[in-house]
Amino acid sequence: MARRAAIVGVGLTKCSSHRRDVIYPELVYEAVSAALADANLKANDIDAVVYGSMDPFDGVFAPERWNVDACVSAGFLNKPFLKITTGGTTGGSVALGGYYHVTSGLFDVVLVVASQRVGETLEAQLVLNTCIDPIYERWMGGGAIMVGANQAASHFHFYGTTEEDLAMVAAKNYANALNNPYAHLQRHLTMEDALKMRMISWPLRLSDCCPSSDGACAIIIACEKRARKITNTPAWIRGAGQITDNYYVGDRPWFQDWEALSILARRVYKQAKIDNPLEELDVAELYNAFTIQEIIECEALGFCEPGKGTELLRKGVTSMDGKLPVCPSGGTLCTNPIGATGLVRVSEAALQVMGKADKRQVPNVKTALAHVWGAAIGFHVLMILDKEAL
Amino acid sequence: MTQEEEILIMPGAWNLPFRHTAGRFASRFFRELRDNKKIFGVRCPECRRVLLPPRPLCERCFVSTDEWVEMGHQGTLEAFTICYVPFLGLPPPPIATIMVKLDGANTCLSHVMGGVDLSDVEKAKDLVKIGMRVEAVWRDERKGEISDIQYFRPVA
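Residue numbers (the numbering used here), protein chains in the order written: chain A, 417 to 806; chain B, 248 to 403.
Be a bit skeptical, because a hint or two may be false.
[Unchecked claim] Lysine-lysine pairs mimicking PhoX-like chemistry, simulated, CA-CA at most 20 Å apart: (1) B:284 - B:376; (2) B:390 - B:348; (3) A:803 - A:645; (4) B:372 - B:284; (5) A:612 - B:372; (6) A:612 - B:348.
[Unchecked claim] Derived coverage of chain B by chain A (criterion: at least 3 residues anywhere in the stretch with Cβ under 8 Å from a Cβ of chain A; other residues may be distant): (7) 266 to 277; (8) 285 to 292; (9) 319 to 328; (10) 355 to 364.
FYI, nobody ran anything at the bench for these hints, they're computed from the structure. We put the CB at the ideal spot given by N, CA and C, even for glycine.
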């Protein structure tokens, strides 16, 4: 039987297009120090480290070596250190790695860290292009944007979604990010502004696409005995999992739906004993790298029927004052330090459950969902956090 | 740190050569494109799906594939986007990337659309449509690679 585990500390850095004020380990140190301070712990209290980044965005392959001292002096203290890379889901995978470390009973207090300096590459899409099959597919110049744009074009075709719907998602997230001091994009954006943005890849305009960000994030996961001593506000992990889809995107061209995410959601809801997510979740922090994805994710996660995500949006259900606020942080749309982004989603869900989300706090949060996608929409991670242990 | 403090930037660049074998499956596929202007997929012996691009195993059945099947040169556009901004080191815009289910195949080939004026998005979005029929346009000088099919164009 797996042990109970909770998130007991969270540390975020300010994200921007290039954190020129800090070298890489200093950026990681900023997140780790904040997480330790949040949990009122010292480096010596950490039993093991799980670290993630998506190489080669930083221009340094395997940056865990550069960052090892910034992860609670793991080198000096000779701590166990595990690195995980799973594309865009890296930040979700490290959270899972930390969870497994603790629930297995092997470690009691684990530091989970993810970082990325997307701001140090001069062309993120060119780096992403190196992830693509060099035999058949790389030559077309594909990157992440084309995948998101395929999803949007298909959703438009099959469900009648419009550019106005995407603009509404953008305006909502930009407004939320204004309440988040750690967000990268912090500016007011109206739907009218969004609809005038230049076209990136039909039907996605500039405001439908996430920025490239420098940033790091850290959380501390503890077993029940330690968690109850460390904090009065642990965020208990009630359900968590990962799922993968097959390699060739051309084998599954039904971009309007996200089947793998639906399957994972059913698994994780069962684990967390959630029957009706719209009623039982209080907030959802989703990986909306592109506006359309927030709509498809709401559908795949069972907040509404397939094709009805835009209705949920238009009715304000997912707004800050709605029944189920989505992305109070402004989401991935406003901040994307790629390998760290998944952990930022988990952190935001944890902060909401802990009641520490300040100006962006959703009132009376008991249960929060964090979602992460990656690997050319082939991977997903979900985590459900709660004020009460299961 | 004061605002005036000068922060220096260290340049970096990777230029690392690699070589990727196309293996037996893609090599045969590319040779057929180059020498015979033919498009071949492979059939799974269990689920009988015809897989394109051809590959050594069916991931649904987890068995080896070995039956080669010729595809039609026409197919149906299943998904697309049209990119309008340049990205450093990537093909210049506008470029329409499409997924085509060729006649006889059960999966889609990723390729590009041509023969359509993409310059104005407001017009292009009505010219490139999910469900439309497209056909392969071949290069005269073929090199044994996927772009020996230069692009797919709307069927007249």
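Structure-based check of each hint:
no.	hint	result
1	B:284 - B:376	violated, 26 Å
2	B:390 - B:348	violated, 23 Å
3	A:803 - A:645	holds, 15 Å
4	B:372 - B:284	violated, 30 Å
5	A:612 - B:372	holds, 17 Å
6	A:612 - B:348	violated, 34 Å
7	266 to 277	holds (count 4)
8	285 to 292	violated (count 0)
9	319 to 328	holds (count 4)
10	355 to 364	holds (count 5)
Going down the numbered hints, you'll see the structure goes against 1, 2, 4, 6, 8, while the others check out.
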